[in-house]
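Protein chains in written order, with my numbering: chain A, 172 to 595; chain B, 172 to 595.
I should point out that these hints are in silico values taken from the structure, not numbers from a laboratory. Note that the Cβ used here is the ideal one computed from N, Cα and C, for glycine as well. Don't take every hint at face value.
Said to hold, decoys possible - Straight-line C-alpha distance at most 27 Å; calculated BS3-like pairs for lysine-lysine:
1. Lys-353(B) <-> Lys-535(B)
2. Lys-535(B) <-> Lys-560(B)
3. Lys-560(B) <-> Lys-301(A)
4. Lys-535(B) <-> Lys-560(A)
5. Lys-353(A) <-> Lys-377(B)
6. Lys-328(B) <-> Lys-560(A)
7. Lys-405(B) <-> Lys-377(B)
8. Lys-301(B) <-> Lys-560(A)
9. Lys-442(B) <-> Lys-494(B)
10. Lys-535(B) <-> Lys-328(A)
Unchecked claim - Simulated restraints on C-beta separations:
11. Lys-286(B) <-> Asn-585(A): 51 to 57 Å
12. Leu-194(B) <-> Gly-313(A): 35 to 41 Å
13. Leu-548(B) <-> Glu-489(A): 29 to 35 Å
14. Tyr-495(B) <-> Pro-329(A): 39 to 45 Å
15. Asn-585(A) <-> Glu-333(B): 55 to 61 Å
16. Thr-379(B) <-> Pro-329(A): 24 to 30 Å
2 protein chains.
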Amino acid sequence: LRIEIIAVGSELLTSHYLDTNSLYITGRLNELGLEVSFKTVVGDDQETLLVALQNSLARSNLIFIMGGLGPTDDDRTREALARVLGRPIVLDRRLLENIRAWFRRRKIRMSPANKRQAYLIDGAQSLDNKNGTAPGQWLETGSHRIVLLPGPPHELKPMFQESIQPRLERFRRSYLVRRVLKTTGLGESRLEDMIQDLYPKSRDLKVTLLASPGQVEIHIASASERSMSAADIKAERLEKKFLSRLGDRVFSISGEDLESVAGRLLRGEKKTLAIAESCTGGYLGHRLTNVPGSSDYFLGGILAYGNRAKIELLGVPEAVIRKYGAVSPRTAAAMAEGVRMKMSSDIGLSITGIAGPSGGTPRKPVGLVYIALASDLGTDVSRNLFWGKREAIKFQSSQKALDMLRRYLLAEENSPSKKPAEKK
Amino acid sequence: LRIEIIAVGSELLTSHYLDTNSLYITGRLNELGLEVSFKTVVGDDQETLLVALQNSLARSNLIFIMGGLGPTDDDRTREALARVLGRPIVLDRRLLENIRAWFRRRKIRMSPANKRQAYLIDGAQSLDNKNGTAPGQWLETGSHRIVLLPGPPHELKPMFQESIQPRLERFRRSYLVRRVLKTTGLGESRLEDMIQDLYPKSRDLKVTLLASPGQVEIHIASASERSMSAADIKAERLEKKFLSRLGDRVFSISGEDLESVAGRLLRGEKKTLAIAESCTGGYLGHRLTNVPGSSDYFLGGILAYGNRAKIELLGVPEAVIRKYGAVSPRTAAAMAEGVRMKMSSDIGLSITGIAGPSGGTPRKPVGLVYIALASDLGTDVSRNLFWGKREAIKFQSSQKALDMLRRYLLAEENSPSKKPAEKK
Chain A
172 LRIEIIAVGS ELLTSHYLDT NSLYITGRLN ELGLEVSFKT VVGDDQETLL VALQNSLARS
232 NLIFIMGGLG PTDDDRTREA LARVLGRPIV LDRRLLENIR AWFRRRKIRM SPANKRQAYL
292 IDGAQSLDNK NGTAPGQWLE TGSHRIVLLP GPPHELKPMF QESIQPRLER FRRSYLVRRV
352 LKTTGLGESR LEDMIQDLYP KSRDLKVTLL ASPGQVEIHI ASASERSMSA ADIKAERLEK
412 KFLSRLGDRV FSISGEDLES VAGRLLRGEK KTLAIAESCT GGYLGHRLTN VPGSSDYFLG
472 GILAYGNRAK IELLGVPEAV IRKYGAVSPR TAAAMAEGVR MKMSSDIGLS ITGIAGPSGG
532 TPRKPVGLVY IALASDLGTD VSRNLFWGKR EAIKFQSSQK ALDMLRRYLL AEENSPSKKP
592 AEKK
Chain B
172 LRIEIIAVGS ELLTSHYLDT NSLYITGRLN ELGLEVSFKT VVGDDQETLL VALQNSLARS
232 NLIFIMGGLG PTDDDRTREA LARVLGRPIV LDRRLLENIR AWFRRRKIRM SPANKRQAYL
292 IDGAQSLDNK NGTAPGQWLE TGSHRIVLLP GPPHELKPMF QESIQPRLER FRRSYLVRRV
352 LKTTGLGESR LEDMIQDLYP KSRDLKVTLL ASPGQVEIHI ASASERSMSA ADIKAERLEK
412 KFLSRLGDRV FSISGEDLES VAGRLLRGEK KTLAIAESCT GGYLGHRLTN VPGSSDYFLG
472 GILAYGNRAK IELLGVPEAV IRKYGAVSPR TAAAMAEGVR MKMSSDIGLS ITGIAGPSGG
532 TPRKPVGLVY IALASDLGTD VSRNLFWGKR EAIKFQSSQK ALDMLRRYLL AEENSPSKKP
592 AEKK
């Protein structure tokens with residue numbers, strides 16, 4: 172089986188748009204143990220579309236063609252494919268009635284052009300479109316399976332799930348299970364050094380690292396020819412090895428973001444949080460409040476961007492800033508303690524640093540960031556040297572702050588002072 | 172001239188990665204009046220790579236091939252292309268010396284595998300790579316121009332600029348000038364209604380709208396067969412028509428973001444800003460501080476996520492919240508006035524609303540957001556009903572707040588109370 176995905180649309184040949192549907196289709200195919208051999212993008216122009224289809228039919232035998240099924244003159248995928256296959260297109264009365272009903276339900280006048288969407292390539296089965304008027308088509312010839320899909324993702328995805336996946340089941344080669352372990356606090360190469368000896372040798376168990384500054388994800392793909400549960404067992408065995416090696420450097424095995432993990436722990440421990448941000452300018456608060464329901468534990472914070480705000484709103488002693496500077500462990504600690512007191516929260520979290528591009532000195536370079544966590548156990552301060560551009564430094568700073576919060580809450584959760592009755 | 176871009180690399184056939192290099196190359200080609208007809212993605216597998224190259228040579232005559240020029244066994248683009256063309260690959264001693272020197276300069280041991288990068292397809296010209304060891308290649312045959320480029324963007328882009336663009340100059344069909352007008356405050360269809368009658372009929376002047384909730388961009392692409400300045404004149408004439416129709420709904424004609432525009436005006440008017448955020452949770456501050464140098468005018472702010480923070484840190488009267496609610500024009504006004512006073516800023520800007528997904532009621536639905544601006548001229552409040560998911564509502568809220576700030580500062584700039592001597 173040689174698989175090809177073709178995206179049709181002149182906008183995909185400009186410098187503005189990329190075809191992202193193919194990522195979705197590839198993911199679903201991989202779950203069946205199938206891999207894509209070619210991806211093609213071609214415009215609405217008939218001549219080049221015909222050439223692309225001819226080439227694909229010659230080199231691939233399972234072909235997904237997306238886009239160009241709309242009602243306008245630009246939408247010629249149906250006609251082009253019919254011509255290349257040497258088959259007529261035929262009006263399907265049931266389809267026409269469906270399209271008419273679609274417009275009636277929405278009380279919109281149907282344009283005569285929409286009638287074109289009721290034509291099927293001779294021999295094709297039509298595939299229902301719940302979110303639009305362009306039906307998909309599934310066509311089997313002696314040597315080929317060809318699928319026509321609408322371009323808009325919210326039409327394509329449900330159609331793929333409901334009508335295509337069941338039809339692909341008989342091509343299944345294996346069962347695929349994916350696991351994602353998210354880590355923070357280690358760079359890609361250090362993480363790789365720590366776990367490389369655990370990498371599996373077998374072809375049906377693959378490990379991929381996806382790294383960005385402040386976060387490295389370990390993707391496990393486990394395939395089994397026998398069953399989903401066989402794949403699952405292998406994935407879980409490997410995941411356990413990684414977890415015991417990496418310990419609490421892994422903050423999520425379920426896809427959760429760090430802000431959600433921290434939020435879940437705050438909720439579980441019934442703790443409230445207030446924050447004081449300098450160089451991140453609100454980014455930490457933004458991430459915390461991206462989690463629905465965060466108002467249960469996040470009280471708010473103070474953006475102390477200038478020194479006066481640090482002194483007047485957070486109560487950082489002027490002498491501390493004068494002697495040690497706004498970017499210093501003392502100032503970070505005073506900010507965290509100050510916001511905790513001001514807002515009567517259980518935990519105060521602060522960030523102060525130099526996000527660049529200017530403002531750095533040899534002793535305090537761009538990327539130097541102090542982060543402090545204040546609680547009834549006292550105040551912890553971390554010194555960090557982050558890298559990259561302004562936004563990368565802001566992200567790494569917020570990531571480290573959330574991770575300090577997570578570690579503090581994990582320690583609370585496991586604290587021996589808690590009565591067993593309190594544990595779930 | 173039929174143009175094709177081929178991206179080689181098995182990672183581009185997974186569900187993780189997209190080829191983005193082709194957007195860059197397409198942009199540069201468009202500037203020469205050239206359009207791309209096909210894009211192909213193929214893996215490292217020799218058999219499919221050979222097929223893809225054969226098809227491309229048969230259907231296109233200017234072909235860009237990216238990736239697969241590295242030193243490892245997976246990198247077989249050179250060999251595959253040589254085979255399809257029926258040409259030998261030959262060792263280039265000068266190239267080999269360059270690669271050796273590259274490693275010497277960096278004091279890294281050169282692996283024997285890197286020698287493979289010194290081979291050229293017979294007849295090809297090598298293209299310097301300033302940021303890596305894989306040289307590019309430019310090959311002209313009777314019917315084809317074929318370009319081999321390294322995959323990493325930081326190697327590809329400088330090579331394209333320095334070695335490819337000059338070689339493409341002789342294929343230039345026209346001169347292209349682009350202009351981008353950024354607007355906020357109008358949806359895509361309302362904006363289109365306002366300017367549609369100005370859309371040019373000519374093929375060499377194109378208008379495209381790129382819309383997202385809270386921002387619509389008008390892209391003008393103007394081509395001239397004669398000269399850059401002829402294209403520029405046409406673009407400017409159309410831009411002026413759009414500007415006089417849309418007025419201050421256009422906030423940027425230079426690519427600037429709204430936060431940069433607002434920041435530039437604050438700096439020009441020598442005004443300082445403090446903010447009070449509720450439902451945006453720090454996102455407005457994050458955007459303001461993404462602009463380097465924002466500490467010159469942005470003093471900081473208060474994230475008053477909970478009601479207690481609104482009352483205690485911003486001085487919003489408890490009675491106002493009890494009577495009108497936290498999401499109300501009165502609370503918004505009190506927040507903006509409160510933060511302006513607390514931080515002694517010229518301007519106070521506040522946001523309070525319901526970002527969802529929960530928390531909405533029939534009278535106060537998800538997406539209802541009040542935004543207030545307080546200054547020595549008094550306090551303005553706007554009522555907004557935004558749509559979409561939590562993050563889209565946060566973006567639209569910050570966008571509207573920045574736009575109110577921009578309009579206030581524009582009015583200040585044009586205020587008759589200013590002495591002419593103060594104007595530049």
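Hints and how they fare:
1. Proximity of Lys-353(B) to Lys-535(B) is assessed by CA-CA distance (about 31 Å); at most 27 Å being required, the pair is judged violated.
2. A C-alpha spacing of about 16 Å is found between Lys-535(B) and Lys-560(B), which places the hinted pair at or below 27 Å, so the restraint holds.
3. Under the criterion of a C-alpha separation no larger than 27 Å, the hint pairing Lys-560(B) with Lys-301(A) is consistent with the structure, at around 22 Å.
4. Distance restraint check for Lys-535(B) and Lys-560(A): the Cα-Cα separation of roughly 40 Å exceeds the 27 Å cut-off, and the hinted pair is therefore not satisfied.
5. Restraint check for Lys-353(A) and Lys-377(B): the C-alpha separation of about 45 Å exceeds 27 Å, so the hint is violated.
6. Using a Cα cut-off of 27 Å, the hinted pair Lys-328(B) and Lys-560(A) holds, with the two alpha carbons roughly 19 Å apart.
7. Between Lys-405(B) and Lys-377(B) the alpha-carbon distance is near 11 Å, which keeps this suggested pair within the 27 Å criterion.
8. Among the hinted pairs, Lys-301(B) with Lys-560(A) is consistent with the structure: their alpha-carbon atoms are about 22 Å apart, no more than 27 Å.
9. Annotation: proposed proximity of Lys-442(B) to Lys-494(B) is violated, straight-line Cα distance about 34 Å (limit 27 Å).
10. Taking the CA atoms of Lys-535(B) and Lys-328(A), the gap is about 33 Å. The hint is violated against a cut of 27 Å.
11. Distance hint for Lys-286(B) and Asn-585(A): a CB-CB separation of about 55 Å, consistent with the stated range 51 to 57 Å.
12. Hint check: Leu-194(B) to Gly-313(A), Cβ distance near 39 Å, so the stated range 35 to 41 Å holds.
13. The supplied range of 29 to 35 Å is met by Leu-548(B) and Glu-489(A), whose beta-carbon atoms lie about 33 Å from each other.
14. Restraint check, Tyr-495(B) to Pro-329(A): a C-beta distance of roughly 43 Å satisfies the suggested window 39 to 45 Å.
15. Evaluation of the 55 to 61 Å hint for Asn-585(A) and Glu-333(B) yields a pass: the beta carbon distance comes to about 58 Å.
16. For Thr-379(B) and Pro-329(A), the Cβ-Cβ distance of about 29 Å falls inside the hinted range of 24 to 30 Å, so the restraint holds.
Of the numbered hints given earlier, the model fails hints 1, 4, 5, 9, 10; all others are met.
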